[in-house]
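Chains as they are written, first to last, in the working numbering: chain S, 1 to 243; chain W, 1 to 243.
Misleading hints may appear alongside valid ones.
Note that the list lumps identical chains together, so a pair holds whenever it fits in one copy or between two copies.
As the list claims (entries may be wrong) - With a straight-line cut-off of 27 Å between C-alpha atoms, the simulated DSS-like cross-links for lysine-lysine are: (1) K46 / K232; (2) K134 / K164; (3) K46 / K217; (4) K139 / K119; (5) K164 / K46; (6) K217 / K36; (7) K46 / K135; (8) K217 / K23; (9) K214 / K134; (10) K214 / K26; (11) K26 / K139; (12) K23 / K134; (13) K139 / K164; (14) K139 / K23; (15) K36 / K134; (16) K23 / K135; (17) K164 / K26; (18) K217 / K164; (19) K23 / K164; (20) K214 / K36; (21) K26 / K217; (22) K46 / K214; (23) K135 / K214; (24) K119 / K214; (25) K135 / K164; (26) K232 / K135.
Source of the hints: derived by calculation from the structure; they are not laboratory data.
2 protein chains.
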Amino acid sequence: MFVLHHGWRSSASRRVRLCLAEKGLKFESILVDLAKMEHHRPEYLKLNPNGVIPLLILPDGRSLYESGTICEYLDETYPEPPLRPGDAYGRAEMRNWIRYTDERIGNLIIFNWRHSIAKVAANMTDAQLAEAMKKIPSKERQQAWLRAARQPYTPEEEDEARAKLTMMLDRMEGALGEHAWLVGDRYSLADIGIVPFVKRMSEEIIPDELSDEKHPKVAEWWRRIQARPAFKEARIESFTSTL
Amino acid sequence: MFVLHHGWRSSASRRVRLCLAEKGLKFESILVDLAKMEHHRPEYLKLNPNGVIPLLILPDGRSLYESGTICEYLDETYPEPPLRPGDAYGRAEMRNWIRYTDERIGNLIIFNWRHSIAKVAANMTDAQLAEAMKKIPSKERQQAWLRAARQPYTPEEEDEARAKLTMMLDRMEGALGEHAWLVGDRYSLADIGIVPFVKRMSEEIIPDELSDEKHPKVAEWWRRIQARPAFKEARIESFTSTL
Chain S
1 MFVLHHGWRS
11 SASRRVRLCL
21 AEKGLKFESI
31 LVDLAKMEHH
41 RPEYLKLNPN
51 GVIPLLILPD
61 GRSLYESGTI
71 CEYLDETYPE
81 PPLRPGDAYG
91 RAEMRNWIRY
101 TDERIGNLII
111 FNWRHSIAKV
121 AANMTDAQLA
131 EAMKKIPSKE
141 RQQAWLRAAR
151 QPYTPEEEDE
161 ARAKLTMMLD
171 RMEGALGEHA
181 WLVGDRYSLA
191 DIGIVPFVKR
201 MSEEIIPDEL
211 SDEKHPKVAE
221 WWRRIQARPA
231 FKEARIESFT
241 STL
Chain W
1 MFVLHHGWRS
11 SASRRVRLCL
21 AEKGLKFESI
31 LVDLAKMEHH
41 RPEYLKLNPN
51 GVIPLLILPD
61 GRSLYESGTI
71 CEYLDETYPE
81 PPLRPGDAYG
91 RAEMRNWIRY
101 TDERIGNLII
111 FNWRHSIAKV
121 AANMTDAQLA
131 EAMKKIPSKE
141 RQQAWLRAAR
151 QPYTPEEEDE
161 ARAKLTMMLD
171 RMEGALGEHA
181 WLVGDRYSLA
191 DIGIVPFVKR
201 MSEEIIPDEL
211 SDEKHPKVAE
221 WWRRIQARPA
231 FKEARIESFT
241 STL
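Chain S on its own, in the form it takes in the complex (with noise of 0.2 Å):
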């Protein structure tokens, strides 16, 4: 049996679950509340000492972090259904969307985070949140933080992620003019890597974007993988629901 650590909300985890669902593969679910600090406490550290999560156990004991990895590990391990191209310039495309997709996380946090750790963050005293610095190893991430407890982000910066996000959706149109899924016909860890941010574009940040008019294809797209039963076993559920 699988053990799950992760959010509900966490992009990251949601990939992962979205990926153990297609497969099949059942969790035992522990979750881990960011806004709590909880992924940086001495007692998680000691599993996952990169204080991140998801972080997936796995049968025999050994453990696993980084949603990308995690999910590419799964399809290898359990390859029914495949989840990757069957070639290795589709896997690389893959890889390369992956990567895409991670390196704007910063234009989704600015949403992500007001409804959790923002609030929590803006409660600390200095002393406190200078403590809390010090245990966030990625310099973004703190810098992130800080945002949220001390400045929060301004109109002009919240467009300008809504602006990088709709141009996802431009790109996602462009590779889905071509193809049933983002790399070739079917669907992949491409696909399931960029869900939790579409997800949260079109429930609270650029819903107009996700027509029928701005972006068919997406739109398309979008419905087909909410019609997926794995994206409802994998709860990816409403930030404003009571999850």
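Please build the complex by placing chain W on the supplied structure of chain S, with the hints as guidance.
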């Protein structure tokens, strides 16, 4: 025949050249001068809309970018000698090593760009700089250009970057304590990925840390790396040479 658009000093280019050399694959070399922003010129953007190097043109005319993606494609397509672990878990570890390395490139840029990009950027007018900014896709790289142009890194920032790079050696030392290469007993893309970092650390940034006293396992690994014929063939040469 492969065609490689690359730079002799570019870390990502060095990885791909190492991989090609290990595989015994020849290529036509086309140099791209980042300091002259040749990677943002229309004729290059037609080849690679992402405006990054290296870019590998395959014998069939298709192309690939992103060093990690290119190297894994090459290993899948030309499996001898293998440059990835034989098992899925090992490959997952390898991918996490590459990602770990990628995420730390900012610490290397501080010391690399002063040899090239900083000299050009500092001489730009504000208008030229603003124009250049528009062409740089990632915020992190924009920031690096701005710093290179107008606000050279402080001694404190350089110290911090040196400390972060030293931590990479610490982590390598831990991994190499268990086996001959970063992932298990096979030289892999994880090793190749970090070679451009260690090369720069060894020659200028923190050479003392590469000693048998400070990091004996890494020092031994580094000697073995440099003894490989591919290292010479890939021309991982000194930044201060006339290269």
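Hints, one by one, checked against the model:
1. Proximity of K46 to K232 under the C-alpha cut-off of 27 Å is found in neither arrangement, the shortest distances being 32 Å within a copy and 41 Å between copies.
2. In this assembly of identical chains, K134 and K164 lie within 27 Å of each other by CA distance solely across copies; the values are 14 Å between and 30 Å within a copy.
3. Taking the closest pair of Cα atoms, K46 and K217 come within 27 Å of each other only across two copies (25 Å); inside a single copy the shortest separation is 45 Å, beyond that limit.
4. For the identical chains of this complex, K139 and K119 are neighbours both inside a copy (21 Å) and across copies (26 Å), given an alpha-carbon limit of 27 Å.
5. Within a single copy, K164 and K46 get their C-alpha atoms only as close as 37 Å, which misses the 27 Å cut-off; across copies the closest is 21 Å, which meets it.
6. Taking the closest pair of Cα atoms, K217 and K36 never come within 27 Å of each other, the shortest separation being 39 Å inside a single copy and 39 Å across copies.
7. In the homo-oligomer, the alpha carbons of K46 and K135 lie at most 27 Å apart inside one protomer (14 Å), although the nearest pairing across protomers, at 43 Å, exceeds that limit.
8. In this assembly of identical chains, K217 and K23 lie within 27 Å of each other by CA distance solely inside one copy; the values are 26 Å within and 40 Å between copies.
9. In this homomeric assembly, K214 and K134 come within 27 Å of each other (Cα to Cα) only across copies, at 25 Å, whereas the closest approach inside a single copy is 43 Å.
10. In this homomeric assembly, K214 and K26 never come within 27 Å of each other (Cα to Cα): the closest approach is 38 Å inside a single copy and 46 Å across copies.
11. Taking CA atoms no more than 27 Å apart as the test, K26 paired with K139 passes in neither setting, with 35 Å inside one copy and 39 Å between copies.
12. Taking the shortest Cα distances, K23 and K134 never come within 27 Å of each other, neither inside one copy (38 Å) nor across copies (43 Å).
13. Taking the shortest alpha-carbon separations for K139 and K164, both the intra-copy value of 21 Å and the inter-copy value of 11 Å come in at or below 27 Å.
14. Taking CA atoms no more than 27 Å apart as the test, K139 paired with K23 passes in neither setting, with 35 Å inside one copy and 36 Å between copies.
15. Proximity of K36 and K134 under a CA criterion of 27 Å is satisfied intra-copy only: 15 Å inside one chain copy versus 38 Å between copies.
16. In this homomeric assembly, K23 and K135 never come within 27 Å of each other (Cα to Cα): the closest approach is 35 Å inside a single copy and 41 Å across copies.
17. Taking the closest pair of Cα atoms, K164 and K26 never come within 27 Å of each other, the shortest separation being 35 Å inside a single copy and 39 Å across copies.
18. In the homo-oligomer, the alpha carbons of K217 and K164 lie at most 27 Å apart inside one protomer (19 Å), although the nearest pairing across protomers, at 44 Å, exceeds that limit.
19. With identical chains, the CA atoms of K23 and K164 are never at most 27 Å apart, being 32 Å at best within one copy and 39 Å at best between copies.
20. Taking identical chains as interchangeable, the C-alpha atoms of K214 and K36 are never at most 27 Å apart, the minima being 39 Å within one chain and 38 Å between chains.
21. Within a single copy, K26 and K217 get their C-alpha atoms no closer than 32 Å, and across copies no closer than 41 Å, so neither meets the 27 Å cut-off.
22. For the identical chains of this complex, K46 and K214 are inter-copy neighbours only, at 26 Å across copies versus 47 Å inside a copy, given an alpha-carbon limit of 27 Å.
23. Only between protomers do K135 and K214 lie at most 27 Å apart by alpha-carbon distance; the minimum there is 26 Å, versus 42 Å within a single protomer.
24. Neither within a single protomer nor between protomers do K119 and K214 lie at most 27 Å apart by alpha-carbon distance, with minima of 33 Å and 44 Å respectively.
25. Taking the closest pair of Cα atoms, K135 and K164 come within 27 Å of each other only across two copies (15 Å); inside a single copy the shortest separation is 29 Å, beyond that limit.
26. For a Cα distance limit of 27 Å, the shortest separation of K232 from K135 qualifies neither inside one copy, at 34 Å, nor across copies, at 40 Å.
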